[in-house]
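Given the coordinates of chain F, assemble chain C onto it according to the supplied hints.
Number of protein chains: 2
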Amino acid sequence: MPVTRRLTPVPFTRVTVEDDFWAPRIETNRTATIPAEYMMCESSGRIAAWDLTWSPSDPNPPHIFWDSDVAKWIEAASYTLMTHPDSQLDALLDNAIAKIARAQQPDGYLNTHYIQVEPGKRWTNLRDCHELYCAGHLIEAAVAHYQATGKRTLLDVLCRYADHIDRTFGREPGKLPGYCGHEEIELALVRLFHVTGERRYLDLARYFVDERGQQPYYFDLEARARGEDPANFWAKTYAYMQAHIPVRKQAEVTGHAVRAMYLYSAMADLANETGDTQLLSACERLWDDLCLKRMYLTGGIGPSASNEGFTTPYDLPDETAYAETCAAVGLVFWNHRMLQFEGNGKYADVMERALYNGTISGVSMDGRSFFYVNPLASKGNHHRKGWFDCACCPPNIARMIAGIGGYIYSEGEHDAWVHFYVQGEGRLQVGDLPVRICQVTRYPWDGEVRLTLDMTAPATFRLHLRIPGWCQQYQLWVNDFPMADCQIPADGYVHISRQWVPGDVIRLNLEMPVQYVEANPSVSQTLGRVALQRGPIVYCLESVDNEQLPLDGIIVRGGVPASEMFMPEYRPDLLGGVIVLHGTGGLAGEQPWGNELYRNKTAQYKPVRLTAVPYYAWDNRAPGEMRVWLRIG
Amino acid sequence: MPVTRRLTPVPFTRVTVEDDFWAPRIETNRTATIPAEYMMCESSGRIAAWDLTWSPSDPNPPHIFWDSDVAKWIEAASYTLMTHPDSQLDALLDNAIAKIARAQQPDGYLNTHYIQVEPGKRWTNLRDCHELYCAGHLIEAAVAHYQATGKRTLLDVLCRYADHIDRTFGREPGKLPGYCGHEEIELALVRLFHVTGERRYLDLARYFVDERGQQPYYFDLEARARGEDPANFWAKTYAYMQAHIPVRKQAEVTGHAVRAMYLYSAMADLANETGDTQLLSACERLWDDLCLKRMYLTGGIGPSASNEGFTTPYDLPDETAYAETCAAVGLVFWNHRMLQFEGNGKYADVMERALYNGTISGVSMDGRSFFYVNPLASKGNHHRKGWFDCACCPPNIARMIAGIGGYIYSEGEHDAWVHFYVQGEGRLQVGDLPVRICQVTRYPWDGEVRLTLDMTAPATFRLHLRIPGWCQQYQLWVNDFPMADCQIPADGYVHISRQWVPGDVIRLNLEMPVQYVEANPSVSQTLGRVALQRGPIVYCLESVDNEQLPLDGIIVRGGVPASEMFMPEYRPDLLGGVIVLHGTGGLAGEQPWGNELYRNKTAQYKPVRLTAVPYYAWDNRAPGEMRVWLRIG
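Protein sequences, first through last, are from chains F and C. Just so you know, we're using our numbering here: the first sequence kicks off at 1 and counts up by one. Just so you know, we're using our numbering here: the second sequence kicks off at 1 and counts up by one.
Check before you lean on any hint, since a few could be wrong.
Treat identical chains as interchangeable: a pair holds within one or across any two.
Dumping the calculated DSSO-like pairs for lysine-lysine here, alpha-carbon to alpha-carbon at most 30 Å [claimed, not checked]: (1) Lys293 / Lys606; (2) Lys346 / Lys601; (3) Lys293 / Lys379; (4) Lys379 / Lys601; (5) Lys385 / Lys175; (6) Lys151 / Lys236.
If you're looking for bench data, these hints aren't it; they were derived computationally from the structure.
Only chain F is shown next, with the shape it has when bound in the complex:
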């Protein structure tokens, strides 16, 4: 079985997004988020750090993370340039890039912290200090900027830095046999290989991935070289950074969630580039462990604040969920890569779960404030902030939103895939044939999708239309001929192979009733609870819509389908235009619970009106309680 990808993603430069859901977000991202993030980089000293004018007597030393924040901003800004030329932004980027270029050392090295704050100590603490991680983000920024503008200004700088890294690290004598405590450079080097054609970068990525977790542990060696006892490692275990055993042997997701996502993304990339079935099998094993046992309903991952990451299977507390925005974004990155191998819809389902819920919850409706942590319940004390000292999340969500169009379609020699339903257009290349797919739909608020095909001539190819995992019934018409047998496909896609004629119309209706979702009973924290979901959107209750009721006292009625209890209503005025769910429930706890351990369950509940809003949109109005998982009784 070949492991290279059967699918090739259609880049977002060939996709137009014209819907009411993503298009406004892309615009807000471009006009509000990207400028606001630049201002924060500027005012916090992250831009000035590249001037190399900091001296030990100055306050605010360049932090080990800073380069990556600027890099992710450059990447996100470059993406917006690709779909929306903007000479001002172009100039701003050139200015920042010029600073970066000037900061590069003669040997190619480039890191504002080590050059200024710890000169002479470069590459002495790969475990903790994010040096290669920052390099990775700079490489991704350089690739994005080159692709957006055709300018090699940043790309050449980063090639020199990558060359320096290549000379520094490896198994050969005289090189350091190290790898980064925070993965990122691995996937970045694969991207750099793609734009430059330089195979050394791919080999270096493979070295970093394969050396990880080998014994003797490099982190032990470098700790001893620093005069430290490796046993005193603050995180206690190299599982924190997925470096406790070689990656091919890993079967459990461990440690810091963002690191894991970046590593697995690189593993999937390398599996594709090198035909490495072992790496792909490891990814599949890890996917099962993560997505079948450790993923929040929102696509959030990593329940624990203590390691910003994973704990035990089925441990999914709601109010104390960590579920870092970056981790959900990373989950999208990884699953997008996995989806391309065989076009298995389970990967698109995970992407959709995260895209419509736990990633975009990370940014406010106005695009100017951010969640680092995305709990599924709140007493009312959790709110977005304009920036963070550790500012990884804001530019990460920005680069994801800027590139959202790139997730919608894939193409192949004789195949066209539609993964997501987003109004607009995709310009695919099916073999030699340009195929335009035009989508008209109000998804995610409505499951009706009208797709029109446009080619220069009739052509035979397979069209693969995704039936989302949440959908239990759908109808399909090709040029008004209904498809007879609308089974739910095991691989998540309906495959239509025929000779297509320009102007052919496919109509898909994904029935979208309100659903109660329950979690596997192994998740003790959600036992006896359900969440409201409609289409891909997970709902929550917020105090502001629910008369300040104690949300955990609310009990929704079981024994009746959710669609009979909750009615959707489109509210164009609310939260940028959303479907809210109106329904009734009971307010339990006529007596609030005191310290008693048991009591007679009184059966009558006080009926209350409930209004649920999309989870992603919470905390954009009056502050108050929020809750996804509701008691059912």
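Chain C only, in chain F's frame:
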């Protein structure tokens, strides 16, 4: 505030039990359990061990627990003699006691294990080896046998042993400043003080209680004396035996549940004997922690098998509940003591919960097999056994049942208390006045109770009638005059102060509808679940009554009172005569869970007929699943 007890329990020798619930159990205990347990003591070598004929070349060395098993059997058998003279049993006891007396060493020491298996090592490992624990049970046996028969044969032996222990342990120079790893001797010494009047025994009990948990830890010292590193203690922490801090400072129940109950019983005894408010406050604090956060609905305590004891607050798993029979019995012992201080019904409620559910589940209907562990759910693989290598539970439940009459009444200078409703008679002494209280009732199957008072002359005293915690409505008549205002009393008792005339009749009707009981939502394991309860009886479903349905797929209907969904029916033929509950529920027509993490909750249930039986009676018929906590939806 005085801390001595306002109430004095009426001993079971002045109580006649003539109902259909306890009387048959007392009889089965006497005729089946006590003989069967003797046979097991005999056949397992526990009786012969007292002959001191074991030698190192023999198999089956006397185990460190064995003396306590025989002692508890002697105690239980003695109790049955008190209410039912039996010359054969009397002779059997004399025979066993003669062996014990002959085994006593010249200095008073008495322990079959150490005398034979580890001579020379006595008192070298108090932490693990139960030496004083065995002594305590022998003392309780001696007191019981003396009270039952008037014979001092065993009592004198144990006084000599207690004197030896008193010479051995204490803070004075030349004595060992130790205490037992398994509490028991403390409460036993208080009993010995009561029958002998010898104050040294009370002082010794107080020493053992107060020395516990003091630093430096005695268990550390003796471990080092044995050449062991105390850090290697197998249970890791002295909290296992409530010896991590002094008992007066303890606010959390910790460790091994049975040990905790015996310690707290001794603390309550000492608080009463010495007027020690600190000890009583500690008991009250520990009671709150235990009974408001850590007690099963059945009165079982100690959820974890790993330490036979306590974990964290609100951790009450059902299928893996340990809930050792001995621990529930110990809970009764402790709460009986606590009840006597002020007559607060909360202690009687806990006793009732354990007495009617989690203690007597420990013995089969025929009295010949036993549960050590009392889970609240079973897949069908948990069954009673005839005996255990560690056989603490069978004789413990036997001594509790033999003495059940002693829990029903208390008396005081001007007061008579009725704690439990059990058909029969109590012969109280209210000050100088003999008062006979005659109960006619079918309790626990029916809440109607008719009490008749009989004295030689009219007399004024307060009669305190308990309104059980489960009762939410009751009616009361004195000589057919209804009491106007039947509020639920805060302290659990209705107090009637008047001049009583011989032949006065009180009629009490405790309304006893079927109830759904829910646990505090902090108990994650029972969230979204209810249990059926009627009166004091907790019900369960067993496969044998429910067409082999998958019991955890059953969903009882919420939003409707339990009394409308479940109908009681008395079945004289079943399980010794029980009220069963007939009702309907839904079988979640769900696909069994596979490895999926989330799914659409299907709302339609297949209606099924359900029959629930008392929890205590489960596993007396065809083996199968059992479940107390049912899903509600």
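Hints versus structure:
1. Taking identical chains as interchangeable, the C-alpha atoms of Lys293 and Lys606 lie at most 30 Å apart only when they sit on different chains, with a minimum of 28 Å there against 36 Å within one chain.
2. Taking the closest pair of Cα atoms, Lys346 and Lys601 come within 30 Å of each other only across two copies (19 Å); inside a single copy the shortest separation is 40 Å, beyond that limit.
3. For the homomeric pair Lys293 and Lys379, the shortest alpha-carbon distances inside one copy (26 Å) and between copies (23 Å) are both at most 30 Å.
4. Proximity of Lys379 and Lys601 under a CA criterion of 30 Å is satisfied in both settings, with 24 Å inside one chain copy and 26 Å between copies.
5. When the C-alpha separation of Lys385 and Lys175 is checked against a cutoff of 30 Å, the pair qualifies neither within a copy, at 43 Å, nor between copies, at 67 Å.
6. With identical chains, the CA atoms of Lys151 and Lys236 are never at most 30 Å apart, being 44 Å at best within one copy and 65 Å at best between copies.
Checked against the numbered hints above, the structure violates hints 5 and 6; every other hint is satisfied.
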